[in-house]
Amino acid sequence: MGSQDITPNRSVLLDLKKRIKLSQSGYKIMKMKRDGLIIEFFEVLEKARKMREGVSSDYDTAMEKITIARAVEGEIAVKSAAYALKTEPEVKLGSKSIMGMMVPKVEATSIHTKMVDKGYGVIETSVYIEEAAMAFEKLLDTLVRAAEVETTMKKLLDEIEKTKRRVNALEFKIIPELKESERFVKFRLEEMERENTTRLKHLKRKGEAAE
Amino acid sequence: MFGRNGKKGNYAYTVARVKAKKSLLMNEEDYSKMLMMTVPEISRYISETGYGKEMTDLAGRMSGIGLLEHATYFNMAKVFGSILTSSTGELYDMVSAYLDKWDVWNLKVILRGKSYGLDAEGIREDLVPAGSLGAESLDKLISLDTDDDIIAEFGRMTHVNFPADVLAAYKASGNLGEIEDFLDKNHYERLTESIDPSSRPSRLFLDYIGEEIDMKNFETILKLKAEGIYGEQVMKYVIPGGRRIDGRQLTLLANAESTESVLSDASQFEFYEGIRDALESGNLRDAVSGLRKYEIQKAKKFSHLYPLSVIPVIDYMIHKENEVRNIRMIARGTESGLDRETIKELLVI
Numbered sequence: 001m002g003s004q005d006i007t008p009n010r011s012v013l014l015d016l017k018k019r020i021k022l023s024q025s026g027y028k029i030m031k032m033k034r035d036g037l038i039i040e041f042f043e044v045l046e047k048a049r050k051m052r053e054g055v056s057s058d059y060d061t062a063m064e065k066i067t068i069a070r071a072v073e074g075e076i077a078v079k080s081a082a083y084a085l086k087t088e089p090e091v092k093l094g095s096k097s098i099m100g101m102m103v104p105k106v107e108a109t110s111i112h113t114k115m116v117d118k119g120y121g122v123i124e125t126s127v128y129i130e131e132a133a134m135a136f137e138k139l140l141d142t143l144v145r146a147a148e149v150e151t152t153m154k155k156l157l158d159e160i161e162k163t164k165r166r167v168n169a170l171e172f173k174i175i176p177e178l179k180e181s182e183r184f185v186k187f188r189l190e191e192m193e194r195e196n197t198t199r200l201k202h203l204k205r206k207g208e209a210a211e
Numbered sequence: 001m002f003g004r005n006g007k008k009g010n011y012a013y014t015v016a017r018v019k020a021k022k023s024l025l026m027n028e029e030d031y032s033k034m035l036m037m038t039v040p041e042i043s044r045y046i047s048e049t050g051y052g053k054e055m056t057d058l059a060g061r062m063s064g065i066g067l068l069e070h071a072t073y074f075n076m077a078k079v080f081g082s083i084l085t086s087s088t089g090e091l092y093d094m095v096s097a098y099l100d101k102w103d104v105w106n107l108k109v110i111l112r113g114k115s116y117g118l119d120a121e122g123i124r125e126d127l128v129p130a131g132s133l134g135a136e137s138l139d140k141l142i143s144l145d146t147d148d149d150i151i152a153e154f155g156r157m158t159h160v161n162f163p164a165d166v167l168a169a170y171k172a173s174g175n176l177g178e179i180e181d182f183l184d185k186n187h188y189e190r191l192t193e194s195i196d197p198s199s200r201p202s203r204l205f206l207d208y209i210g211e212e213i214d215m216k217n218f219e220t221i222l223k224l225k226a227e228g229i230y231g232e233q234v235m236k237y238v239i240p241g242g243r244r245i246d247g248r249q250l251t252l253l254a255n256a257e258s259t260e261s262v263l264s265d266a267s268q269f270e271f272y273e274g275i276r277d278a279l280e281s282g283n284l285r286d287a288v289s290g291l292r293k294y295e296i297q298k299a300k301k302f303s304h305l306y307p308l309s310v311i312p313v314i315d316y317m318i319h320k321e322n323e324v325r326n327i328r329m330i331a332r333g334t335e336s337g338l339d340r341e342t343i344k345e346l347l348v349i
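Going down the list, the sequences are from chains A and B. Numbered by this note's numbering, the letters in the first sequence go through residues 1 to 211 in order. Numbered by this note's numbering, the letters in the second sequence go through residues 1 to 349 in order.
It is worth saying that the hints were derived from the structure and are not from the lab. Be careful, since some hints might not be right.
[What the hints assert, rightly or not] Heads up, simulated EDC-like pairs for lysine to aspartate or glutamate below, C-alpha to C-alpha not over 20 Å straight-line: (1) A:114 - B:227; (2) B:293 - B:341; (3) A:65 - B:189; (4) B:236 - B:270; (5) B:236 - A:117; (6) A:114 - A:88; (7) A:79 - B:335; (8) B:236 - B:165.
[As the list claims (entries may be wrong)] Computed footprint of chain A on chain B, listed as stretches where at least three residues anywhere in the stretch have a Cβ under 8 Å from a Cβ of chain A: (9) 46-53; (10) 115-122; (11) 212-225; (12) 233-246.
The beta carbon of each residue, even a glycine, is placed where N, CA and C say it ideally should be.
Generate the whole structure from the sequences, applying the supplied hints.
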């Protein structure tokens with residue numbers, strides 16, 4: 001809003017003052033939110049880093065165990081055990097709020113199943129297959145938790161970016177423009193005040209001369 | 001129960017055939033050579049050492065490690081089939097009862113494949129017809145539509161009576177484990193019943209099976225304990241008929257609340273020394289590997305004791321199964337990039 005488009009009068013000045021106050025308090029809150037989000041982001045980043053390490057190590061373990069299971073028991077036995085599985089993991093998606101921002105909450109159920117409930121016999125199913133199954137269950141559990149943390153991290157990054165843009169807009173555009181408009185209106189009002197005084201003095205002088 | 005006739009059996013003929021076959025089995029040196037080879041080299045090597053026909057037969061449909069695995073299984077099935085058809089009388093009964101485990105394996109593959117929705121060809125590919133049921137019987141089972149029909153037909157073919165409570169538990173939970181565990185227990189029950197303990201070699205065989213049951217039970221207890229299952233729930237999976245671990249000891253082991261607490265109770269068993277380190281470090285895999293090694297050593301010990309009995313026949317079958325397992329372990333391990341030391345530890349020689 002260019003200051004030249006404003007009608008310089010008292011009500012506009014009052015309105016501008018109100019808007020400046022509001023913008024400044026908004027700026028303060030946004031800045032606090034941005035700082036809060038950044039602190040939250042670093043916490044989540046650390047969690048995500050650990051989670052990635054966890055995914056990586058769980059994946060290595062699971063692959064090692066399935067390799068050994070396939071070697072010792074054979075591909076046929078491993079495949080056959082996998083066909084017998086009855087339970088399927090379920091993923092529930094919810095949401096939670098971090099500083100007013102909604103982030104996903106991922107919960108997985110039926111990931112860990114006891115050997116007796118898996119769907120294959122306990123007696124002849126080898127420990128190699130069972131260990132591989134358990135390692136993959138653990139990997140899936142870590143992956144689901146990692147998915148929640150990674151999505152939260154991405155959402156936080158987007159939100160920080162958005163808040164940063166808003167803070168910058170308030171700091172470098174909206175507030176300076178409003179202040180410029182206020183200065184312009186104030187200046188114009190003072191100018192008008194001076195013109196008025198001069199006019200009144202001129203009229204007074206004219207009146208006195210006429211008398 | 002299974003006998004072709006009530007006679008004693010053609011021990012001399014079958015043992016002579018088995019002895020000839022045993023001389024062709026791979027030894028430690030062969031495994032050491034294979035450990036240094038790539039998968040194609042292993043395939044070529046085994047083709048030259050008795051698996052050539054199966055490798056050629058299956059080469060049109062399969063390749064690589066899959067071909068090797070299926071060819072070794074098929075070779076084993078063919079060899080076992082020929083032993084079974086050449087034996088008669090009580091020898092046939094015992095060999096047939098011993099090989100029943102492959103019928104159970106095939107039924108499991110069929111039921112699991114069906115429940116997953118595999119087509120007939122997919123299921124057929126994974127069968128190992130090394131038991132009494134031939135390819136035709138297995139095809140008949142595959143062609144049936146429902147689990148109930150398959151279970152009933154299998155019962156008719158193998159004379160297994162599925163108890164109503166097992167079938168009801170399967171119906172209620174849909175858990176195939178109920179059927180599978182019953183069949184595994186039933187296999188050992190029928191096997192021990194098929195052995196006439198009147199002769200010394202048969203008693204030795206019975207003792208061997210009893211020890212195998214002991215180790216299976218011990219393995220089951222360890223597996224369940226690792227998942228925090230103990231007590232009465234464990235006893236459900238215990239196979240009766242063990243040789244050294246009696247009911248009281250089994251209950252003690254089953255009631256122990258952790259793998260560590262099994263240690264003191266297990267110290268009295270003969271196989272304990274071979275698995276002590278693994279148990280102390282809580283490494284279940286090594287403990288099971290130790291049990292398998294102990295089992296094969298046990299078989300080696302009694303194999304030469306009674307040359308004209310069932311023992312050399314069973315000993316050969318145990319070693320043949322072990323050979324197939326070892327070849328697969330080396331090939332799969334090499335293909336997956338497992339280091340040689342790990343593969344070596346997994347081998348049962």
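Against the structure, the hints:
1. A:114 - B:227: Holds, at roughly 7 Å.
2. B:293 - B:341: holds, 16 Å
3. A:65 - B:189: violated, 33 Å
4. B:236 - B:270: violated, 24 Å
5. B:236 - A:117: holds, 14 Å
6. A:114 - A:88: holds, 13 Å
7. A:79 - B:335: It holds: about 18 Å lies between the C-alpha atoms, which stays within 20 Å.
8. B:236 - B:165: With a Cα-Cα distance of about 13 Å, the restraint between residue 236 of chain B and residue 165 of chain B holds, given a limit of 20 Å.
9. 46-53: violated (count 0)
10. 115-122: holds (count 3)
11. 212-225: This one holds; 6 residues, not fewer than the three required, reach chain A with a Cβ under 8 Å.
12. 233-246: holds (count 3)
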